[in-house]
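Visitor: Sequence:
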Amino acid sequence: MRCRRQQGFSLLELLVTLFVIVMVTSLVTLNIGSGDRDILLKAAVEGLADSANYALDEAQFTGINHGLRLRMEDEAGEWRYHADWYAEGPTGWRSPDDGREVFASSTLPPGLEVQLEIDGVIQEPESLVPVSENPTPQIVFYSSGETVPGILDIRDAQTGELLWRMEWDLLGNFRLLRRGQLDDEVLP
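Terminal number for the sequence shown in the working numbering: 186, no gaps in between.
Simulated from the structure, these hints should not be mistaken for lab results.
You can take every hint at face value.
The following label-pair restraints were derived from C-beta to C-beta distances: (1) Thr134 - Val20: 52 to 60 angstroms; (2) Arg173 - Arg35: 16 to 24 angstroms; (3) Val20 - Asn51: 42 to 50 angstroms; (4) Phe17 - Glu73: 32 to 40 angstroms; (5) Leu12 - Ala155: 42 to 50 angstroms.
From the three backbone atoms N, C-alpha and C, an ideal C-beta is built for every residue, glycine too.
All chains, full assembly: derive it from the sequences and hints.
Guide: This is how it looks when you write it as C-alpha cells:
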C-alpha cells in the first residue's frame, strides 16, 4: 500500500498566511491614510499662495482691489477654516467677476488651527467667525501692487505643531515655509 503524500496547504497554514496578509495590508493602509491630510494641506496652502499672487496681478491689471477673507465655521462640532475671495466694487466687497476657478472658496482639512498676523498684529480667533452678510477681507491686494505684510500660521490642533507658515511682504512676495523653515533647510 502506498502512502499518499499531502498535496496543498493545511487549513492552519492558510489561516496564518491570510492573517499575515491582513496585518500587512492594515499597516500599509494606516501609513498611507496618515499622509492624506498632509497632502491635502500642502495642496491647499500652495493653492492659496498661487491665488494670492494671481489676485495681486489681477488687481494691478484691472485697477480693482482684491481681498482675501479667512473665516472659521463650526462643522459637526469641529472648526473648519475657509478662504473666500472678494473684489472691491462701488457698493463694497463682492465675489470677483473674473477668475472664478482661481477665486473659488477653499477649505482647509480638519484638525487645524490658523493664526493670522497682519502688519505685526495677531488677529483674534473671534475675528475669523463671520458676523455679517458683507464681511470685509482681512488681506487686501491693492491695485497699486501693494498689500499689507502678514503671516499665516497653520498648526495641528491637537499638538500645536507648526505645519505651514505663509509670509508676505509689502510688495506681495509670498513665501511658503513648511514647518516654518525654507525647503533647503533640513527637516526631520
